[in-house]
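Trainee: If you want the building blocks of each chain, they are given just below.
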Amino acid sequence: MEELNRVRKAVILTALASKLREHGSWCGETHMQKSTYLLQDLLEVPMGFDFILYMYGPFSFDLRSELTALRADGLLDLEAKPPYGPQFSPTKQSDLLREHFPKTMGTYKNRMDFVAKTFGNKKVGELERLATAVYLIKESNISSEEKQAKLMRIWKPHISENEARQALEQAKQIVKEAQDIVNG
Amino acid sequence: MAALCHDIGHLPFSHAAEKELLPEDWDHERLTIEIIVGDELKQIWKEMEPPLNPEDIVKLAVGPGKAKDMSFSRWEEILSEIIAGDAFGVDRMDYLLRDSHHAGVAYGRFDHYRLVDTLRILPSSPSGEVEETIKPALGVEEGGIQSAEALMWARYLMYSQVYFHPVRRIYDIHLKDFLKEWLPDGKFSTDIDKHTAMTDAEVTTALLSAAFDNTKLGHKHARRLMRREHFKLLYRRNPSDIKINPESGKAIWKAAEEKFGADCVRYDSYSQKGGAPDFPVKMLDGRIESSLSISDALQRLPVVALNYVFVDRGKYDEAEKWLERNRETIIKQPGEEAGDGRTE
Chain A
1 MEELNRVRKA VILTALASKL REHGSWCGET HMQKSTYLLQ DLLEVPMGFD
51 FILYMYGPFS FDLRSELTAL RADGLLDLEA KPPYGPQFSP TKQSDLLREH
101 FPKTMGTYKN RMDFVAKTFG NKKVGELERL ATAVYLIKES NISSEEKQAK
151 LMRIWKPHIS ENEARQALEQ AKQIVKEAQD IVNG
Chain B
185 MAALCHDIGH LPFSHAAEKE LLPEDWDHER LTIEIIVGDE LKQIWKEMEP
235 PLNPEDIVKL AVGPGKAKDM SFSRWEEILS EIIAGDAFGV DRMDYLLRDS
285 HHAGVAYGRF DHYRLVDTLR ILPSSPSGEV EETIKPALGV EEGGIQSAEA
335 LMWARYLMYS QVYFHPVRRI YDIHLKDFLK EWLPDGKFST DIDKHTAMTD
385 AEVTTALLSA AFDNTKLGHK HARRLMRREH FKLLYRRNPS DIKINPESGK
435 AIWKAAEEKF GADCVRYDSY SQKGGAPDFP VKMLDGRIES SLSISDALQR
485 LPVVALNYVF VDRGKYDEAE KWLERNRETI IKQPGEEAGD GRTE
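Chains A and B, in that order, give the protein sequences. End of the first sequence = 184 in the numbering used here, gap-free, step of one. End of the second sequence = 528 in the numbering used here, gap-free, step of one.
If you're looking for bench data, these hints aren't it; they were derived computationally from the structure.
Within a straight-line C-alpha distance of at most 25 Å, the following computed DSS-like cross-link-like pairs (lysine-lysine) qualify:
1) A:LYS138 to A:LYS117
2) A:LYS150 to B:LYS319
3) B:LYS252 to A:LYS150
4) A:LYS81 to B:LYS457
5) A:LYS123 to B:LYS319
6) A:LYS138 to B:LYS252
Chain B on its own, in the form it takes in the complex:
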């Protein structure tokens, strides 16, 4: 039940700009929780044999990071990891394989049969420790390490090649811009009945209608989406610039906004969530090792991060020349004298 309900709170078009389209302190996990404990499902849980406790379902469906007011036993933490965890969550395994299939790419494939067969709950101690602090954790047998590596690399490749493709990202931004104008008060409702009634279909219909009628709310943004008139990529982060300034993308964005106006520039930034792929591995001789200690492939796995600056295609040529001329003066070492102490 927890696995089935894990994504039940998603907004139309899933993650696209959820943060800005929900009231403060709301996210899709909170909606998930509200639905699971709500009257409609509560009745269903009650009628099951044996009856289910909605709180147990919430814990396993969203995990301790989102069900912050609930206390978890270590076993509940592990069960929630099996559903929603960073490393071996079935949610992740499922979306990588499914998205890979539907996007027509091979990056997201890995041997999930082998991986599931070799998953184990193993005694694990945190780094720097031997025996004192052993706790159970989700890991793999030594024979499954290659399929675990394949999962982690599949994730890296799907993020860098599909989910973070600049055109896909700018479509999210135009969609968000549209929704901000189209939705009442620029936000999705957190009323559960209204939330469940709002699907991709409602939004798509509104998009189509607004794209071809300049009197409709969100027309400009809908048109960019439906007629493929999306903003073009002006700048993307790269190792040399990051070395000079970890916020190089933001610096370019601010300067471009000043030059071309906020309406013609969009900024996108994301860094991989969660920690390193560090999990226990049961070796053939029975020892437990850290995955990072025994796998070069995991040790060298890059972290996915993006910073994109997009400009209106009408300004693109001018912006490209402007960036070429000003790049070095914009991307400079940050420092306190440069006013980098502000909150943003």
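Bound-form chain A, shown alone:
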């Protein structure tokens, strides 16, 4: 699938930030990272970010830099909200930009809504477990639930076995629903 150009990526990322906030997300960097991972790798929105397993689950250094570039372009603000750290908010300029990309917004609306609904109300601990579980399901060839939970605990030793199993179960449901959306 052809990768979106930079302006269309900006449209998607600022829309995602906006939708996450509507669903009650704090919308810090971790929330944007996990949500964009879901949007790109599960819901097949072609943004070309390279995700690895790192801070609190799947993480992209390219995406981190792109979020910084969107701040430079006046499309995202980063507001400090003591005592819980900064959060991203889309600017009025980005609202205007999105108005000029109705097709892009239309094409990916359902996918962004799904991500915002699924991850918007989650805190970082839960996001880490779920996004890591999705990553494991997608990237490893392991199908046995027991082995999946074991691997998840090797990757993230602070996650309990029970939490790992629950996250994997939820992640399977997320993967299934995402596939249904992608297949229309």
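With the hints as your guide, set chain B onto chain A.
Mentor: Relative to the frame of chain A, chain B by itself:
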């Protein structure tokens, strides 16, 4: 060892156009990794007391962003941050101070003694969270926040005043143009012996030779460099244009290429890598705060970004008048009807 090896894979003239001068999927960090795990150094690591594991050195030298196939513990992540990290990496501290000194400017200076003294590994939780997800992270004591601010501002000023100076950037572009013609197949070799044998000295000698001999490969570009006949800056990004079109520089570049020909126009674009200067700060009363919450100076730190369009100096006067006449029609709000959906 990891700190010493951190930059070992750099090409001649460091970062200049590395992306276009190496085969696909290669960058200087991958060369660094290949050298560290290669036979020559492997023997040295083995003979050390105690023997060193090359993989450990790779992890700390390049960090998780570049050693993507390796798994890192949180402590290894922090150690690699100390060497190569965005915020407090010693690589950054070193190059700011060194470049500032050698360029004869004061922008890059900050109190690194105070900063190093106040660096701490602190419990940190991501934004929006309190206790559940605490992990260790590199931060500073409250008393070090001003020296951390000074480092971040030094970085901003060095980028905006020195590294991104338009003449310095166009020299990189002419150098890249020269190397594309001079190097076999237009690329540097990724063979480690050939890579280590190719230094600034080899390239400088070739440049000098090509600049004054029009039969040599890359003559035109070498001449621009050695005789200071570099292209001139026609356009640079500014807040008003970015407000209308975040890709205003690219729009000017495309239009200028169409008008004056690709050979007479060059485009340069860069945006600061990494994230915001958000790190934990240990307050005097023991609380941990986000740096962005307690520091107005960090909160207001601008992000460095550039878009430059250069033209051949022979076309400069004409191009300047052309831009003045056409600027408003070129820089317009992007939209799908304007064909902005393409990959570029």
